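Just need the whole structure built from these sequences, with the hints factored in.
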Amino acid sequence: DAGVTQSPTHLIKTRGQQVTLRCSPKSGHDTVSWYQQALGQGPQFIFQYYEEEERQRGNFPDRFSGHQFPNYSSELNVNALLLGDSALYLCASSFYRGYEQYFGPGTRLTVT
Amino acid sequence: KNEVEQSPQNLTAQEGEFITINCSYSVGISALHWLQQHPGGGIVSLFMLSSGKKKHGRLIATINIQEKHSSLHITASHPRDSAVYICAVRQGGSEKLVFGKGTKLTVNP
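Keeping their order, the protein sequence lines are chains A and B. Using this note's numbering, read the first sequence as starting at 30 and increasing by one per residue. Using this note's numbering, read the second sequence as starting at 6 and increasing by one per residue.
These are computed hints drawn from the structure, not numbers from a lab. Quick caveat, the model's predicted, so the values are computed rather than measured. All C-beta atoms, glycine included, are put in the ideal place defined by N, C-alpha and C. Mixed in with the good hints, there may be bad ones.
[To be verified] Using C-beta positions, here's what the derived DEER-type ranges look like:
#	chain 1	residue 1	chain 2	residue 2	range
1	A	L40	B	S50	38 to 46 Å
2	B	V32	A	R92	26 to 34 Å
3	A	G45	B	H83	32 to 40 Å
4	B	H83	A	T43	24 to 32 Å
5	A	P37	B	N7	29 to 37 Å
6	B	N69	A	E82	35 to 43 Å
7	A	S56	B	H83	26 to 34 Å
[To be verified] Heads up, simulated DMTMM-like pairs for lysine to aspartate or glutamate below, C-alpha to C-alpha not over 25 Å straight-line:
#	chain 1	residue 1	chain 2	residue 2
8	B	K106	B	E8
9	B	K101	A	E104
10	B	K101	A	D91
11	B	K59	B	E10
12	B	K101	A	E83
13	B	K101	A	E81
14	B	K59	A	D91
15	B	K58	A	E129
16	B	K101	A	E82
17	B	K59	B	E72
18	B	K106	A	E81
19	B	K101	B	E20
20	B	K73	B	E20
21	B	K60	B	E20
22	B	K101	B	E8
23	B	K101	B	E10
24	B	K59	B	D86
25	B	K73	A	E129
26	B	K59	A	E129
27	B	K73	B	E8
28	B	K60	A	E129
29	B	K109	A	E82
30	B	K109	B	E20
31	B	K101	A	E80
32	B	K101	A	D59
In structure tokens, the structure reads:
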């Protein structure tokens, strides 16, 4: 049974560019949450997707957007990248309103 | 002030020592999680608590809802326990987790 997978593992982008990160949830899970973890900080909630809709959003600008597909996988898109967007982006899957979240290995994004 | 505060920020111990990491939170919660993060980023869920105490191997987690405080204990610590330990709370009525900044534990042989 595959756990949560994320791609790519690492990514280097230039300021102003756009990036797409991908997440496949643990088998059976229908909900995907995205988190941003800056160096030395705890993760911060970006948003959560269920039934292909954004259900809840953290304090992130509209440059951060997402999508969930019918197979429950999800994408995180960030437009107009800033240096401050450099971070580890974590995806977690769960059952909707379930308390247990399973985390993926993360995508490390570096913006230069 | 952060909604979730952990202490200490850094902890160095000798192999075999008993370890305690503390977490205090300021909001009403429906659950509290203890997570482990190794270098490289991957996060593993250790415990999810809404009351009382849980034990798994050498790890013990407790929570006091009235005092809004939780502790993670590691008995007979081992160098492989070296990692960042993160406390996260799920606010009542919310889907999101709010995380502490983590406690970096180093266990020396």
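Consistency of the hints with the structure:
no.: 1; hint: A:L40 <-> B:S50: 38 to 46 Å; in the structure: 25 Å, violated
no.: 2; hint: B:V32 <-> A:R92: 26 to 34 Å; in the structure: 27 Å, holds
no.: 3; hint: A:G45 <-> B:H83: 32 to 40 Å; in the structure: 47 Å, violated
no.: 4; hint: B:H83 <-> A:T43: 24 to 32 Å; in the structure: 43 Å, violated
no.: 5; hint: A:P37 <-> B:N7: 29 to 37 Å; in the structure: 31 Å, holds
no.: 6; hint: B:N69 <-> A:E82: 35 to 43 Å; in the structure: 37 Å, holds
no.: 7; hint: A:S56 <-> B:H83: 26 to 34 Å; in the structure: 32 Å, holds
no.: 8; hint: B:K106 <-> B:E8; in the structure: 11 Å, holds
no.: 9; hint: B:K101 <-> A:E104; in the structure: 18 Å, holds
no.: 10; hint: B:K101 <-> A:D91; in the structure: 18 Å, holds
no.: 11; hint: B:K59 <-> B:E10; in the structure: 21 Å, holds
no.: 12; hint: B:K101 <-> A:E83; in the structure: 12 Å, holds
no.: 13; hint: B:K101 <-> A:E81; in the structure: 17 Å, holds
no.: 14; hint: B:K59 <-> A:D91; in the structure: 40 Å, violated
no.: 15; hint: B:K58 <-> A:E129; in the structure: 17 Å, holds
no.: 16; hint: B:K101 <-> A:E82; in the structure: 15 Å, holds
no.: 17; hint: B:K59 <-> B:E72; in the structure: 18 Å, holds
no.: 18; hint: B:K106 <-> A:E81; in the structure: 30 Å, violated
no.: 19; hint: B:K101 <-> B:E20; in the structure: 36 Å, violated
no.: 20; hint: B:K73 <-> B:E20; in the structure: 30 Å, violated
no.: 21; hint: B:K60 <-> B:E20; in the structure: 20 Å, holds
no.: 22; hint: B:K101 <-> B:E8; in the structure: 13 Å, holds
no.: 23; hint: B:K101 <-> B:E10; in the structure: 17 Å, holds
no.: 24; hint: B:K59 <-> B:D86; in the structure: 18 Å, holds
no.: 25; hint: B:K73 <-> A:E129; in the structure: 20 Å, holds
no.: 26; hint: B:K59 <-> A:E129; in the structure: 15 Å, holds
no.: 27; hint: B:K73 <-> B:E8; in the structure: 11 Å, holds
no.: 28; hint: B:K60 <-> A:E129; in the structure: 17 Å, holds
no.: 29; hint: B:K109 <-> A:E82; in the structure: 36 Å, violated
no.: 30; hint: B:K109 <-> B:E20; in the structure: 15 Å, holds
no.: 31; hint: B:K101 <-> A:E80; in the structure: 17 Å, holds
no.: 32; hint: B:K101 <-> A:D59; in the structure: 15 Å, holds
Comparing the model with each earlier hint shows violations of hints 1, 3, 4, 14, 18, 19, 20 and 29; every other hint is respected.
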